[in-house]
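Chain order of the listed sequences is A and B.
Our numbering applies: residue 1 is where the first sequence begins, and numbers increase by one.
Our numbering applies: residue 1001 is where the second sequence begins, and numbers increase by one.
Honestly, the hints are just simulated from the structure, not real lab data.
Every residue, glycine too, gets a C-beta built ideally from N, C-alpha and C.
Don't take each hint at face value.
Some chain B residues close to chain A (C-beta under 8 Å, calculated; not the full set) [as the list claims (entries may be wrong)]: (1) Leu-1057; (2) Val-1078; (3) Arg-1082; (4) Tyr-1086; (5) Phe-1088; (6) Gly-1092; (7) Phe-1094; (8) His-1096; (9) Ile-1105; (10) Thr-1106; (11) Leu-1109; (12) Arg-1138; (13) Arg-1155.
Cβ-Cβ distance ranges computed for the label pairs, FRET-style [claimed, not checked]: (14) B:Arg-1020 to A:Leu-232: 30 to 40 Å; (15) B:Ala-1114 to A:Trp-9: 50 to 60 Å; (16) B:Pro-1257 to A:Pro-139: 29 to 39 Å; (17) B:Leu-1252 to A:Asp-125: 30 to 40 Å; (18) B:Pro-1004 to A:Leu-228: 51 to 61 Å; (19) A:Leu-209 to B:Glu-1142: 27 to 37 Å; (20) B:Gln-1062 to A:Asp-212: 52 to 62 Å; (21) B:Gln-1062 to A:Asp-125: 25 to 35 Å.
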Amino acid sequence: MNLLSDPRWSDAVSHLPDYLGNHVRVSVTALALGLLISLPLAIAARNRPLLRGALLGLASVVQTVPGLALLALFYPLLLALASLSLAWFGFDFSAFGFLPSVLALALYSMLPVLRNTITGLRGVDPALIEAAQGVGMTPRQSLFTVELPLALPVMMAGIRTAAVWVIGTATLSTPIGQTSLGNYIFAGLQTQNWVFVLFGCAAAALLALVVDQLLALIETGIRLRSRLRVALGALGIVALLAATLVPALARPPSSYIVGAKTFAEQYVLAALIAERLQAANLSAASREGLGSNVIFDALVSGDIDVYVDYSGTLWANQFHHSDIRPREVLLSELKTILAQQKVTLLGELGFENAYALVMPRKRAEQLGIRTISDLVPYAGTMSMAADYEFFSRPEWAGIQKAYGLKFRTQRQMQPDFMYAAVASGEVDVIAGYTSDGLIAKYDLVVLNDDRHAIPPYDAIVLLAPKRADDQALRSALQPLLGRIDIATMRAANLRAAGGNAAASPNEVARWLWNRIAKQP
Amino acid sequence: MSAPPVIAFAHVGKSFDGGRVKAVDDVSLEVHAGEFLTIVGGSGSGKTTLLRLANRLIDADQGRISIEGEDVRAVDPVQLRRRIGYVFQNGGLFPHMSVAGNIGITPKLLGTPAAEIAARVDELLDLVRLDRAQHRDRLPQELSGGQRQRVGVARALAAKPRIVLMDEPFGALDPLTRDALSQDYRALHDRLGLTTIMITHDMAEALLLADRIAVMHAGKLLAQGTAAELSGSGDAYVGQLLRTPRRQAERLNALLPANPSRDGKDGAA
Chain A
1 MNLLSDPRWS
11 DAVSHLPDYL
21 GNHVRVSVTA
31 LALGLLISLP
41 LAIAARNRPL
51 LRGALLGLAS
61 VVQTVPGLAL
71 LALFYPLLLA
81 LASLSLAWFG
91 FDFSAFGFLP
101 SVLALALYSM
111 LPVLRNTITG
121 LRGVDPALIE
131 AAQGVGMTPR
141 QSLFTVELPL
151 ALPVMMAGIR
161 TAAVWVIGTA
171 TLSTPIGQTS
181 LGNYIFAGLQ
191 TQNWVFVLFG
201 CAAAALLALV
211 VDQLLALIET
221 GIRLRSRLRV
231 ALGALGIVAL
241 LAATLVPALA
251 RPPSSYIVGA
261 KTFAEQYVLA
271 ALIAERLQAA
281 NLSAASREGL
291 GSNVIFDALV
301 SGDIDVYVDY
311 SGTLWANQFH
321 HSDIRPREVL
331 LSELKTILAQ
341 QKVTLLGELG
351 FENAYALVMP
361 RKRAEQLGIR
371 TISDLVPYAG
381 TMSMAADYEF
391 FSRPEWAGIQ
401 KAYGLKFRTQ
411 RQMQPDFMYA
421 AVASGEVDVI
431 AGYTSDGLIA
441 KYDLVVLNDD
451 RHAIPPYDAI
461 VLLAPKRADD
471 QALRSALQPL
481 LGRIDIATMR
491 AANLRAAGGN
501 AAASPNEVAR
511 WLWNRIAKQP
Chain B
1001 MSAPPVIAFA
1011 HVGKSFDGGR
1021 VKAVDDVSLE
1031 VHAGEFLTIV
1041 GGSGSGKTTL
1051 LRLANRLIDA
1061 DQGRISIEGE
1071 DVRAVDPVQL
1081 RRRIGYVFQN
1091 GGLFPHMSVA
1101 GNIGITPKLL
1111 GTPAAEIAAR
1121 VDELLDLVRL
1131 DRAQHRDRLP
1141 QELSGGQRQR
1151 VGVARALAAK
1161 PRIVLMDEPF
1171 GALDPLTRDA
1181 LSQDYRALHD
1191 RLGLTTIMIT
1201 HDMAEALLLA
1211 DRIAVMHAGK
1221 LLAQGTAAEL
1231 SGSGDAYVGQ
1241 LLRTPRRQAE
1251 RLNALLPANP
1261 SRDGKDGAA
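The following block holds chain A by itself, in its conformation from the complex (with noise of 0.2 Å):
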């Protein structure tokens, strides 16, 4: 097929104003207040060594911190000032998206702008410095009309540096749910559809690169003491940034926003409720690529409307439960438990998706292995691979515990290339979804949790606290409840692993909800 034919990158392409839109605002933003507090930061910090050292050491180690942990670090610290504020003042603020990608990157954007500035500050020639008090300047005057002009080269670069690197990471605020350029890259990743990772990596690279020379437009224009220039550069950063607020302002606000954590089921899943809100004359959108650390208290805070999550994840993680229940008992207590929470458990779909031991089917036929007891005794020589998360949740202590299992190795690998990893037999089990279309693909086995070291995971259907009441919602939703088996999923997202145009998350939700129709 032509490269350019593929029916994704117009299907990119669409979500360019809104995605685009957002990450020039967030970066923007960010940038603008990461300004405002570096600026003066470092010219009060120019002569005092020991605020100096203080400021850059801090901006320092902000840097070492990786992009995706600092944005996730700030959704956290906001949601309790949040709770502060409304205990305190009476009033509350969204930590969700906007607020926490800004602080964090205005955060980040600080080390350039401010190592620039005081070196720029500092490298004027003192004996300048003199002779504009020579003249009869006060230290403003001196600071204003000859230090920060001179410095200027220097702190442009620092700005440069900082705008480059500020949007570069806006792409991973997706997480903290802020949509921007990393929506395309984290869909991408995660569905395999690497027209959207090319796509999104190539706009932000993009953007970078525009801001980078209109920044260097402003520069030469106040180096060359050109207006033209300066009003241009700074035309374009405002016809930019104005350019991104039309459409926003022109779309009506969708009423209802789906929350979609960062794998492929969770694109689809969020795919077909929205479509089935649409269906029953519901606007809604979705908010894709949500960290699991923050998709739940987005519910709860009612930054989004509905999702689907596992009981067994709530309960073990949201509720730090470390005992496992019968499927029927663990259900009835986290619908209490959420309920205390003011959250409705609207339903399963009717399948699971739980963590288990998996391995080539016909390595573990040879080794005679059907459960994780059979496992045991070659742990010791085998290898192991999961996601990032799973060797710390509360699943792998439980296992571990039960079975004594002990691998000689235990790596961590991105989910979606676990699976070729095992089949492959560059590692010889794999923690992964029993839901994963990629079991069948690669031929692979699930072994037998015999002592029940890993809790249920039935998908269900979660509500805001405000939508508790919503008859149109609950309604809309009623049919999918309990009409999803788990070999439908694993259908369903072996198609979203395809790699292909019919591959995207709306494609496949429609063909979920086409089987789901024609189910009697």
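On the provided structure of chain A, position chain B as indicated by the hints.
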């Protein structure tokens, strides 16, 4: 002299590094209206420090400095500097401002209207003998060393000060340019009725240019007076300083023919 001095140092002291280095040690010196005083001394003699104390680029530890009768400590240092012209070593021109911008800076700080500043800049360019049209919009790095110092002098004179302080203004110039510039400045000093203190390490320049010379060594003022008065000083260092230019002049006289031929008529080669 009956008129009060324009600049007066009385038992002034200044030390650096927590008192370990005495840059200026108990110096008393008076400069009267219209006078041209040069301060001579080797590097580290404290001459630049003394100059910087006068317009409060630094503040004295001891003693009293007065400018036109006022104790400088009682005056806002910024206002003080705006009414004293200061010519820096190597010019001290702002590299990001044009010649006109540099010259007009002090009037601009004083809030003079732009048109008036422009007229004043042209007037000053004439005064320091730089072509208006050719130099006005140039940047300092496009000028020669001599031109830069001419701009430095023009900048110091821009706000019509009665006092000008000059810190080795012509030290880095070639001898011809240096001679031309110092002669030009001396003429300006007389014409505008300025009171000038100029620092130099060149005794010959000091003797030829100034009304009075002050000699500094290791923070102390060793002697002050006219050339003739200095020659009567019993101080060994002062004597040594005076001997050098005299000996050079004598040797030059011996080496060069008394009336060098200009037309080459009786030139052999």
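Restraint satisfaction for B:Tyr-1086 [CB to CB of chain A, less than 8 Å]: holds (4 Å)
- prompt: Do B:Leu-1252 and A:Asp-125 keep their Cβ atoms within the hinted range of 30 to 40 Å?
  reply: With a Cβ separation near 38 Å, B:Leu-1252 and A:Asp-125 satisfy 30 to 40 Å, so the hint holds.
field: Residue hint B:Ile-1105, partner chain A, criterion CB-CB below 8 Å
entry: Because about 5 Å separates B:Ile-1105 from the closest Cβ in chain A, which is inside the 8 Å limit, the hint holds.
task: Could you tell me whether the CB distance from A:Leu-209 to B:Glu-1142 stays inside 27 to 37 Å?
output: holds (34 Å)
message: Quick check on B:Phe-1088 please, does its C-beta sit within 8 Å of some C-beta on chain A?
response: This interface hint holds because 5 Å falls under the 8 Å limit.
- prompt: Does the Cβ-Cβ separation between B:Gln-1062 and A:Asp-212 fall within 52 to 62 Å?
  reply: holds (56 Å)
task: Just tell me: holds or violated, for the beta carbon distance of B:Ala-1114 and A:Trp-9 against 50 to 60 Å?
output: holds (58 Å)
- request: Go through the hint on B:Arg-1082 and say holds or violated, using the shortest Cβ distance to chain A against 8 Å.
  value: holds (3 Å)
- prompt: Is the shortest C-beta separation between B:Phe-1094 and chain A less than 8 Å?
  reply: holds (6 Å)
field: Supplied contact hint for B:His-1096, tested at 8 Å Cβ to chain A
entry: holds (5 Å)
message: Tell me if the interface restraint on B:Val-1078 is satisfied: Cβ within less than 8 Å of some Cβ in chain A.
response: B:Val-1078 check passes; min Cβ-Cβ to chain A is 5 Å, inside 8 Å.
message: Given a hint of 51 to 61 Å, does the C-beta separation of B:Pro-1004 and A:Leu-228 actually sit inside it?
response: holds (55 Å)
Figure legend: structure checked against the earlier numbered hints; hints not met, in rising order: 12, 14 and 16.
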